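Just need the whole structure built from these sequences, with the hints factored in.
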Amino acid sequence: MIYRETGNFVTNYFKDREIFPLKFDKIIVIIGLLFLYLYVPTTSEYTLSAHVVPILAVGLATVGLNILTGLTGQLSLGTAGFMCVGAFSTYNLMLRMPEDFMSLPVALLFSGIFAGLVGVIFGLPAIRIKGFYLLVSTLAAQYFVWWFFNSYAWFLNYETSGVVAIPPKMYDYWGLGNLLGIDMQGYPARYVLALTVCLALTYFAKNLLRSNTGRNFMSVRDRDIAASVMGISVPRTKLLAFFVSCFYCGVAGGLYSFCYIGNVDLMIYEIDRSFTILFMLIIGGLGSISGSWLGAIFVYEFPIVFTWVGDTIFQGAFNTAVVENVSNMVYGVFIIALLIREPGGFAALWATTKQKLRMWPYPH
44 MIYRETGNFV TNYFKDREIF PLKFDKIIVI IGLLFLYLYV PTTSEYTLSA HVVPILAVGL
104 ATVGLNILTG LTGQLSLGTA GFMCVGAFST YNLMLRMPED FMSLPVALLF SGIFAGLVGV
164 IFGLPAIRIK GFYLLVSTLA AQYFVWWFFN SYAWFLNYET SGVVAIPPKM YDYWGLGNLL
224 GIDMQGYPAR YVLALTVCLA LTYFAKNLLR SNTGRNFMSV RDRDIAASVM GISVPRTKLL
284 AFFVSCFYCG VAGGLYSFCY IGNVDLMIYE IDRSFTILFM LIIGGLGSIS GSWLGAIFVY
344 EFPIVFTWVG DTIFQGAFNT AVVENVSNMV YGVFIIALLI REPGGFAALW ATTKQKLRMW
404 PYPH
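In the working numbering, the protein residues as written are 44 to 407.
The set of hints was computed from the structure by calculation and includes no laboratory data.
Any given hint could turn out to be false.
[Claimed, not checked] Once the Cα atoms are required to be at most 20 angstroms apart in a straight line, the calculated EDC-like pairs of lysine to aspartate or glutamate come out as:
id, residue 1, residue 2
1, Lys212, Glu142
2, Lys173, Asp59
3, Lys69, Asp59
4, Lys212, Asp143
Since this is a predicted model, take the numbers as computed values, not measurements.
Take a look at the structure:
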């Protein structure tokens, strides 16, 4: 067999802690990285701008929400609000800080920190409340953030339209455009930046699950009273989860504005964006980092693919509105069927499929 799990012996603690313990898994990861960095940037600009880059941005936000909801058990509907904080923070840092100090990657880092601090403020009610009451509290954060940026024109650089275009000079960080002779404003360069940030933060999230902090998160999720008896500071753990989650959402918001749409638009970060990311998390699988990405890919791509298939089959016999409505109905039915069949989402479905393949031809 090509894929073998036998013959891989653990000889030290370092090998026992590896994320990819199997040799074949490491080969797959290396091939995947080469594909993502060498082939995908050479695809059409439409593929990058309409499919790949937005999936990276919303997928990173889904990973952030997964840390808060899937790992720590704290419900949230303020994801789009924290993305909004990240987007506006990135823009204002790039606009108002000295160019020799501030670059886009550094601005993304600081915007994530700002969003994390805002998340801690709105996460304070989590110390005393939980469940749907906490959900309402984070929903208030969503509306407050939207109102705040809408009320103070300074954050929009006094742009009356409410939409601020991002100047091209903000993309050329560290002089790489002149050094490498590439267009840093083009979507291939945007994609490479978004991919690098997403891979780094996904790797960090994967390690977070395996750390003492991740175990504290899961202890609070499973039973906060028992976690407190075991010596875990439940308030500190919840606030740390809010900070880390909102940090991810803030960076995702910066990527969404700078790498995808190319402007800072307040209307992009309304409540429906929070619901969409929550659906991505549920469909992908709570508590699974890979499930967050699977859910993001499915939720974002399904309507696009279904509309394309409908137009190809019916050759424009039905107008776009009819095809879109049918797409929404099929999409809803598919989600219901999936969650009935496998409540754990795509992550659990993939784990079951791998186990069946591992046991084949014997029954699982």
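Exercise for review: Could you tell me which of the numbered hints above are not met by this structure, giving the numbers in increasing order?
Suggested key: As far as the earlier hints go, only 2 is violated by this structure.
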